[in-house]
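S.K.: Residue numbers (my numbering), protein chains in the order written: chain P, 870 to 1224; chain D, 13 to 584; chain B, 2 to 443.
Just so you know, these hints were derived from the structure itself, not from any lab. Heads up, some of the hints might be wrong.
Claimed, not checked - Label pairs and their calculated CB-CB ranges:
| no. | chain 1 | residue 1 | chain 2 | residue 2 | range |
| --- | --- | --- | --- | --- | --- |
| 1 | P | A889 | D | G314 | 48 to 58 Å |
| 2 | P | T985 | D | F68 | 54 to 64 Å |
| 3 | D | V319 | P | G980 | 34 to 44 Å |
| 4 | D | G120 | P | A889 | 22 to 32 Å |
| 5 | B | P44 | D | N170 | 38 to 48 Å |
| 6 | D | V280 | B | P123 | 46 to 56 Å |
| 7 | P | A990 | D | V98 | 37 to 47 Å |
Keep in mind that this is a model prediction, so the values were computed, not measured. Ideal Cβ positions, reconstructed from N, Cα and C, are used throughout, including at glycine.
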Amino acid sequence: MSASHGVGIEIRNVNLSYGANHILKDVSLSILPGEFFAFLGPSGCGKTTLLRLIAGFNQADSGDVLLDGQDISRLPPWRRDVGMVFQSYALWPHMTVARNVAFGLEERRLGRTEITEKVSAALALVGLSAFADRYPSQLSGGQQQRVALARTIAVEPKVLLLDEPLSNLDAKMRVQVRRELRDLQQRLGLTTIFVTHDQEEANSICDRIAVLNDGAVQQVGTPMDLYQHPANLFVAGFIGTANILAGHVVATGTERAFQIKDGVSLPLPAGSAAPKDARIVFRPQHATLEPIGTQGLAGTIVHREFLGATVRYGVDIAGSEILVEAAFSSTSSLREVGSPVSVAIDIDRAQLLGT
Amino acid sequence: MATMSDASPAVARRSVVAPGPMALAILIALFLALFLVIPVGTVIYVAFTEKGSGAFTLVNFYDFARTDLFITSFWNSMYVATMTVVLASMFALPLAYLTTRFEFRGSGVVQMLGFIPLIMPPFAGAVAMQLIFGRNGTVNLLLDEWFGFKIPFMEGLNGVIFAQAVHYFPFILINLSAALRNIDRSMEEAAQNLGCQGFRLFRRIVFPLAMPGYVAGASLVFVKVFDDLATPLLLNVKDMLAPQAYLRITSIGLADPMGYVIAVVLIVVSVLAMGASAWVMKGRDYATVQRGGGGLAQRPLGRGQAVAAYAVVGLILFLVLAPHIGLFLLSIATVWSFSPLPDAFTFAHYERVFAESSVFIKNTLLYATLAGIIDVVFGVAIAYLVLRTRLPARHWLDWTASAALAIPGVVLGIGYLRTFFGVKMPDGTSLASFWIIIVLALAIRRLPYALRACYAALQQVSASLEEAAENLGANKQRTVRRIVLPLMMGGMLAGFVTSFATAAVELSATLMLVQSTSDAPLAYGLYVFMQSPAGRGAGAALGIIAVVLVAVCSLISNWIIERNQHLRNTRT
Amino acid sequence: MITRTITTFTLLALAGAFMPVQAQAPSGKVTVLTSFSKDVTDPFKKAFEAAHPGTTIEIQNRNTNAGVKLLEETRSANQVDIFWVSAPDAFEVLKDKKLLQVYKPKATGIPDKIGAYPINDPDGYYSGFAASGYGIMWNERYARANKLPDPKEWQDLAKAVYFDHVSIAAPSRSGTTHLTLETILQGEGWEKGWRTIKEWSGNLRNVTERSFGVPDAVNSGQVGYGIVIDFFAFSAQGAGFPVKFVYPSVTTIVPANVGVVTNPPNKAGAEAFVEFLLSPAGQEVLLDKTIRRLPVRPEIYAKAPADYPNPFKDPSLGGKVTFDSNVSSARTAVVDTLYDQLVTFQLDGLKSATKAIHAAEAALAKKDNPAGRKLVAEARDLVAKMPITAEQAASAEINAAFSGGKQKTARQAELEQQWASSAKAAYAEAEAKANEAAKLAR
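Next comes chain P alone, as it looks inside the complex (with noise of 0.2 Å):
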C-alpha cells in the first residue's frame, strides 16, 4: 500500500435542517492536505451530521463540500470516493474478513489478482492476514474495527472518515488503536476526519480539532491552542477541566482586580483588556495550596480525590468550588476535608472571557 498523496477538504457555509432542527449552522472548514482532522462535541452537536454529510448520506439544504478544489455537494455517495469507517463497523455478517475488505474493489471492477493483492496488503496493514477466512460474528471487537478499518483504506479513497471509531473497545484497546490508527494514517499520508466526543482521544492524535456546539463551529485549532486559548467558555470548558469563576472587572486607578464577590477579589495584569461582566477561567494546576492567611483567596477543602501522581482538591470559596491540582509526594503532605486554605492562582495563566 503505498502512500498517496493526501487532498484537502472545503466545508463552505453548510446549512442543515430536519423540519424545525437546525442541525448545522452555517459551518465552514478548511482541512489540509494529509491532516489529521477531529470534530469534536458533545453528542447531539452536529459532528456525525456534518461527517455523513461529506460521504453523501445527507444533503445539506445549502452550501458546499469540496474535495481537492472540486465541488463534491451532488455526487451520490458510492461516487464519491471518501471512504468512512461505521461506529457499529458495518461489517456484512454474510461475508467473511477477506469478501468484506474485496468488496470495494470487486465494485471498482479489477481484476481478479489484484483484489488479492490489495486485500492481503490491506489485511496485513492492519495485522488480521491469518483471519481472512473467519466471519465478523468470530472476531473480537478491536479485530472488526481493524477489518472495518481496513475494508476502507483497501479501495485507497481521497480521504478516510472515521465516526467514533474507539467508542466500542475497552479502554485499554482504545489507546493502542487510536496509536495504530495514527501511525497508519502517518504511513499513508491519508486525510482522515475523526469523529468523537472524547477530548482525549483528539487531543493525543489529531493535528487539528475542530470544537463543534448546537450546530455550529466554536473553535478550530491544534490541540493545545485550544487548551491554552480557548475561544469562549464552551470550548474552555470542553477541553481539559478549567475552573471558571463569574464576577466583574473593577478598576481602582490603574489597579484593575477581578471581583468575584464582595470583597473576594483578584488582582489582574496591567493591560489585559476585558469585558465588564466577565469569566476567569484557569487550569487546576495553576493554582496552588498556600497556608491560610497568605496571600489568595480564602476557602475550605470540600473533597479530594487521589489521581495517581496528582491530588486534586475540591475548595469552596465564597460559594464556588474550584478544582486544585497538586503533585502528590507522600501521604503526609496531604491536606485533610474541611481545612481552611488560602488558593493562589497563576493570574499569568488565566483567562478572562466574555459571558
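Using the hints provided, position chains D and B relative to the given structure of chain P.
M.R.: The following block gives chains D and B in isolation, referenced to the frame of chain P:
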C-alpha cells in the same frame, strides 16, 4: 454477599429442570400425541402393511417408485412448488423492498392488502380466478376481442403455479418485510460508501441479509404448495402428489394403501424441506441492528422512480387481488357466463346469505378464535421450553408441532374420526361429533404458524431482561407474566392473526368432521352453496363476508400491535 | 324472513304440544346425509318440518363418496338416519357393507319402473324418489362464439369440431358420471362402448374432480360442453344461465334414491322422511325451479311447466337401454380405475393422438389415400384398445385387487401401472400412425 451470588445461579439452574417446565412439556407432548401423532398414525400405518396379511412391509413404497403416474406426480409437485416460490418471490420482493426501505406513501395499505390473499375461502379463489384469467375469463375475452389472441394463464401446471403464487405469496411478503426492517442502515451505507448502489446493492448486501426471513417464508410456501390439494383439483390438475393422495383416500371402494403411501411421502418431503431451510440458515440469523447503528433507513424515491414503483406495486396488487375482485363481482352478479363482466348486478345474494347463514358466521368466529388462542398458548409454551430451558428432547416438541404443516387436512380429518368416534361422551354421543373436535383440528393445523411467530418474538426478547427481573426478586412465573409475555405481545398477536385468519377459511379437515349444519363453519356453508348454479352468487357473497370479517379482525389486532409498540417506543 | 319462519315454527310446535300423542309420531332431529346442494335440500327441509311439527331436519352435506366413507368410518356409533344421493351404485355399496336397513315405503301409486329401470331396490334397502337422465349440456354463448353445432348423440361429441371443448367429471369421483359410462357400456357393449367413450374423451378439455365442476365450468363459459345429469342443466336454466341440454338416445333414466341407514338414531323420523319424499306433497317440491328433477309419481307432471321432460309419456327417454345394476356394481371399481388410468391421467397422450387422427382425416377428406385410410383405422383401433375384457373386468381376481380384501392378490398399484403404461404406448403409436397417414395424404 459472595456466598449469595455463588448460590443463586445454582438455584436457577436447578429450577430450569424443575417440575414446572417438566409438567408443561409433558402436557404439550400429551396434547400433540393425542391430537396429532395418534390420529395421523392410525391413518398412515396402512402404508406400511402388506395387503391381505397386514404384516409390516415396504413393498408399497416399491410400488410407488415403480408407478409412472406417481413419479410424474412427484416431479410435477416439486416443479410446481419450486416455481411457485419463484413467482411468489417476484410478487413479494418488490412489495416488501419498496415498502420497507423507501419513503413509500401508503406502505401500510400495501402491506395490509398484501396480506389479504391469504384469506381466500376454499373454492372461491379458483372459481374467481377462472372468471378473471380463465380461457374465457374477463382478461382473455377482452384480449381476444381487441388483439385476437389469448394467454393461457390458468392452463395445466402453470395455472396451478399462478394460482398458488397469488394465494401464498404473503408468507414471503410478511417474513421478508420483517427481515428487511431489521437491517441497519449502516449496512447499506457502508456498501454505498465503497461504490455500490442500485440493484447491485440489493443483490450483494440487502437481500443476503434478509435471507433468513426470505427462506422462512419461501420454505413455508414450498411446503404449503407441495401439500395443497384443493387448488390443483379445482383447476383439474390431477397428476400431482397431494391430489393423488386425496383422490385415492376419498374414492369409493378403494382400500388400497397407495393414498397413505403418498401421504407419508408428502410428510417426509415437507419435513425435509423445513429441515433443510433450518439447516441452510443455521447460524445466519444476523442480528444486524447493532450497537451504535443508525436504525432503519428509508430512502426517498426520485420522481421517475416513484412513478415506476407505484406502477409495479399497482400491477402486483391487481394480480394478487384479482381473485377477490372476481369474487366480489360474482357475489353481486345475476348471471356471469362467457362475458367480460356479469350481465347485471344485484344484492339478492347477500340478502339470502344473511337470512340463511348467520350461524355459519357465528361458528366461524368462535372456532377460529378458539383455535387461534390455543395456538398462541401452545406456541408460547413450546417456544419458551425450547429457547429458555435445557429440557432433554425439547426440540421434539417443536419438530412435532411443525410437522402438522405437512399433514394433509383430509388425513387429519379421517384420523380424528377413527380415533375419537368410539369415544363416548357422558350423554352417549360420540366425541367426534362434538364441535370442539373441529376447533382442535383447526388448532393443530395452524399451530406451526403461531409457533413460528411466538418463537421469533421470544428470540427477540433479550435474556438479560429476564435476568434483571429475577435479580429484583421475581420468580420464573412472575417473570414470564410481567416481562416476557408483555414483550412478546406483538409476536403473539401476529401469530394469533395468522392462525385465526387461515383457520377461518379452512375446509379440508372440517369437511370430514362437521357432523351437523348447526355446528358448521363458514367454509362448509360456502362449499354447500357452491354445489349448485343458483348458489354460486350466494357462495361468493358468503366468501366476501368471510374475507371482510377476517380482514377486519386482523386489522383490529394489527392496530393493537402497533399501538402497543408505539407505547413501548415512546416509553423508552 | 327469519322472524316469520320462527313464528310459524313456534305456532306449529305449540299446536303439536296440545295434540294427543300418537304412537309413531316422528319428532326430534332427523339427520340426513346427502350430496344434494342447498338449493335442493332447503325446500324439502322446509316442507317436511312444516308437515311434521316438532321435527327438524339436520342436513350433512358430502359428496357421494365422502358420504359412503363417513358411514363406513362411523358405523360403530352411527348418527345418521337417512342417506340421500343420486347414484344407485353408492346404495349398492352400502347395501353390501350392511350399512343400510330394509324399509318398504307405505306410499302407493308409484310405478315399478321408470323407463327401463326399476324404481326401487328389489330387496327393499332403498327407494327411488326422483328420476334423472344423463345427457349433454352446453353454453349457448360459447357455442355461438366458437360457431359449434348442437350435439344430439354421444358420438357427436367425438367429432373434430368439438376438440378441446368438452368436460366430464371423473367417474371415480362422480357417481352420476359413472352411471353415464356404465349406461354406454351396457347400451353398446364393452368393446364398442369403450371405443365411443374414448373417442369423445379425446376431445375433452379436462376431467374434473367434482360432479358440479362440469356444469359450473359450462355455466361460466370456461368450457362449452359438459356430460352431466339433467337437473344440473335444468336448475342452471332455472337460475338464468344461457345453457341447453339434450338427452342422447342411449341414455337411461335412473332413480335418485333414499335409504334408511342401519341403526338410525331416529327411526320414526327417518321413515317419515322417506314417506314424505314419496308423497304427492313431497314430489311436487321436485318441480321447484332450483331443483327440477323428474318426479316418480306420474300425476305430478300435470303441474309441471310445458317443456318439462316426462319419462312416463316420452318413450324415447331412456327406453333403449335396460340398465342392469348387478352388472354395474360387479365392476364399479374396475370401470372407474380403467377410465382414470386410460383417460384421466393419460389425457395429454390421448388428446394428441386424437388431434393427429382428426388432422389425418381432414387431410384424407381433401385427398384420399387408401394406405392412409388404413393407417387411420389402425390408429383408431389402438386408441380404442382395452387392456382387459368385460369378463376379466367382472372377475373375482381383478376385483379383489380393489376391494382391500383379505386374500393376497395382485396389488391395485401393480395393475394400474400395467394399464397406464399399455395405454401410454398405444396412444403414442396411434399418434405416429395418424401423422404418417397425414403425410401420405399430402
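S.K.: Taking each numbered hint in turn, which are not upheld by the structure, reported in ascending numerical order?
M.R.: 1
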